[in-house]
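Visitor: The chain contents come next:
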Amino acid sequence: MTTLDPATPIAAAPRPVFKPNWVRLAPWLYTIGLFVLWEIGVRISGLPHTILPTPTRVFEAIIQYWSPIWKNSVQTLYTTVLGFMIAVVAGLGIGLFIGWSKAIYAGLYPIMVGFNAIPKVALVPILVIWFGIGTVPAVLTAFLISFFPIVVNVATGLATIEPETEDVLRALGAKKLDIMLKVGVPRSMPYFFGSLKVAITLAFVGSVVSETVASNSGLGNMMASAQSNFNVPLVFAGLLMLAVEGIAMYALMAWVEKRMTGWAHRSTMAN
Amino acid sequence: MTPLVSIENVDMRYGGPTGTLAVSGLNLKINRGEFVAVVGPSGCGKSTLMKLTTGLHIPQSGAVIVADAKVTKPVSIVGMAFQNPTMLPWRTTLENILLPLEIVERHRHRLRANKAEYVAKAEKLLETVGLKGFGEKFPWQLSGGMQQRANLCRALIHEPELLMLDEPFGALDAFTREELWCVIRDLHAAQGVTIVLVTHDLRESVFLADKVVVMSARPGRVISEHPVPFARPRQLDLLYEQPFNDMVQKLHSEIATARVAA
Ligand SMILES: Nc1ncnc2c1ncn2[C@@H]1O[C@H](COP(=O)(O)OP(=O)(O)OP(=O)(O)O)[C@@H](O)[C@H]1O
Ligand SMILES: [Mg+2]
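Residue numbers (this note's numbering), protein chains in the order written: chain E, 1 to 271; chain G, 1 to 262.
No wet-lab data here; the hints were simulated from the structure.
A hint or two may mislead.
[What the hints assert, rightly or not] With a straight-line Cα cutoff of 30 Å, these simulated BS3-like cross-link-like pairs (lysine-lysine) come out: (1) G/124 / E/175; (2) G/29 / G/70; (3) G/121 / E/182; (4) G/73 / G/29; (5) G/29 / G/250; (6) G/137 / E/175; (7) G/73 / E/176; (8) G/70 / E/182; (9) G/73 / E/102; (10) G/124 / G/137; (11) G/137 / G/121; (12) E/182 / G/124; (13) G/250 / G/211; (14) G/70 / E/175; (15) G/121 / G/132; (16) E/176 / G/70; (17) E/175 / G/29; (18) G/132 / E/182; (19) E/102 / E/176; (20) E/258 / G/137; (21) G/137 / E/176; (22) E/176 / G/121; (23) E/182 / G/73.
Here the structure is a predicted model, which is why all the values come from computation and not from measurement.
So here's chain G without its partners, still in its complex pose (with noise of 0.2 Å):
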């Protein structure tokens, strides 16, 4: 089976020929139904790595196959997630996850007419990631990890194949972080869904990936990869582990150096 995604040797430089060489050398495959996470020290090209890989920048060398095609133009197969929720504030927050329907070629032609439908799958959504009831707020009535929940719900309501998410938990307190990993790791037992996680925060990393990229400083390129021994269904338990413990431990010291080496 080919890889979901496939970077090859990709090279991107922003702002021109003279400009920042972002990433350089960049090799990556992800196969369909992985969890994989990128970490590496901080402005080594990982939002990049997102941004090449769902089509919102063209690298300049090298080629981004997703779903067997050269990446030539946004990719909609995918959801994204980002650090900051950018829910729209004059939208409810049921509407703010109806909106990428209103956008997929997809689905934004049934829209009208299947509204009932979708508006169901919604709230299936919002109770999944426990804000049962709370879709006719607006977004600035809710809470930082509320809006977060919110967010992955937006990134998810039209069944991407490839789940992008970058930095998604970063703002959050580490009681709603650790929730808001079991509603991932949920997620992506239940429904299959291929996800890339940039996080800062290892034993995130460790805990829900399959298997965790290690990054260079910039430009940046890859420079392990570490698959993930723990089986699944992980608890929140795996964390006070030794052997979680080693793994951890391990990324840190690598990333430690990587940044040194810079």
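Chain E with its partners taken away, still in its complex shape (with noise of 0.2 Å):
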């Protein structure tokens, strides 16, 4: 960073010595041993394949049944990622309807939060019930149990503008659709980024749920068909490519937040 005066000698160059960086891997050491911690607990306790499976085994059954678990994968993905896409529609929508003025926040706020305490799975048969088993209710779940934290930050972003901002505006005879859209919407666009990364996770929660219980495909019921013949190494093998999807959904959208919004990063939100 600084810069050196030609002028003055430098004390000595530095040795070129390999340095890992040991945060920036730390990640993957921690997932490795975790892995090999698991491997070894297994083979030394003796447990059998049928209640915990190594993971060396579980390998083996991704491999073995890696056309079924792909095919499932993409399924799931697919359904996830739709519902969740309607979710962010809906809910910015939603969002900017409600923290558009404080008695419609004051009145839909308490409803949003009864809807919300409703467990998401007891909707699964009502869906069914209305569109039948498959990928419709898996996608309506995921979007029905994503949709409401997006709503509430996107909210909350609005309602809560500062007054002096509001004052400084209003003064020069701003109308609400231009407080609006000067500052409600930018600023509510680093809660709604943020609420992203929680949206999706709890999107994959949605549409695994829904395929588990009401549907033909989709790595839920591949690993509820599994489960029931005693496959349990395909049932991990089902887990870990959910965590794989949830993993990369969730970097997606945290490095889409950093880009969105980097001015939130580095500014008090108070300023």
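Each of the two chains sits in its own frame; use the hints to bring them together as a complex.
Guide: Following this line, the structure appears as structure tokens:
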């Protein structure tokens, strides 16, 4: 960072040492460590594969059943992302609507909380009655479970505009719409993008739950039928695929958040 | 010439008929081009006076008349600056300063076509307050004092006839504050804008204003008006002269009495 005066002699050229960046490597090392511990633990305790398979056995299962695993993984990713995208659009729209006025916020917020308190699993049977089993209830469950955090975050961002900022703009003759567009919407964006990480994770919960009880495809369904065949390594293989998909989508959302709202990470919202 | 602002017998109560009576029997006239400082005990209704004048609040009784029209909605000839700079962190300083132009009726339709002209104007203002070249920085990259300067620019960009400053220098150190006093003083001298300044700093009020208005404790009303006799342009040396300190002293004891009277 500092510019060196060429006249001053440099003490000693730093020896090129290979120095791994432990902080960057840490997640990988810890993950590998976890698998190793798991492997050793299962081998020492001698647990049968039908209770807890070793990771090597799980990877074997992944290779062995790759074709169905791949097909079902894509199906789950598809229902999850579709439900999530509907949740983003609906959540943004409803969030903006709720945050629009203090009165709407006060009136709808309790309803939203009540709705959110219902376990979404309980809605799956109703969705099945309406839409039959398969992709549609899975998408809808993913949507229902993930849109709430988006709504709440967007609405909160809007409803907590500093009164002074509002005063400055109102004194200039700003209409409600002006204030919302110039301040409210940009202000709620960090909340919105922050909520996407939570929402995508929940969307996976929704789609897998629905697939487990009401579908002929998807990882949830695959794991349920593997379980009824006592194919425990395949169940774990499904879990592993879910973890991979979940981490990938989470990382994507975190990246999007950082790209879109870099300013919010460097400034406090209070300013 | 009729005064630019005329507040006549105004009562303002917050929060319904049983709420806090913030100001009562408030009377004040402000002439065009005048620099008025408002001082008084904390919570006496100074900020309320500002909001009444700008039309952010409408009084329950009495009348507020600005530019010969009774105020019934926010008046758009004002620029406001508060103690808290309220810069929007996702906009650069320059974009923050241009924000009022996107809102004020008279400018918003011209903004796109005349962007360069407005940007030049904003940059000139930045230069005036000593922030030349900082337009591209984000507000959170500026110090508190710099943000407050930018805040002043934002209040001035649409050439308001009336500039309302509510303790704008409260959070600044003594040196920055004195520097900004000079900035305000020069702006007032150069542009002939009418300025209302709410402050807790009596030296600030005497140094800057043509007239210092003292308010009573809540419910606030004007208990006295003091014309400031010192000739303009005033230099910072004035702060150390005897007549200046005598006047500050007099104001101080008056407010102390007003506080006790409550
Ligand atoms: N939005 C509000 N709702 C209810 N009461 C309010 C509101 N704003 C101000 N008040 C009350 O009105 C009175 C005057 O408030 P105001 O903000 O005008 O005082 P002030 O003179 O600006 O005080 P300070 O010098 O501390 O800034 C206070 O007693 C306050 O409690
Ligand atoms: Mg105040």
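Visitor: What are the numbers of the hints that this structure violates, sorted from low to high?
Guide: No numbers; nothing is violated.
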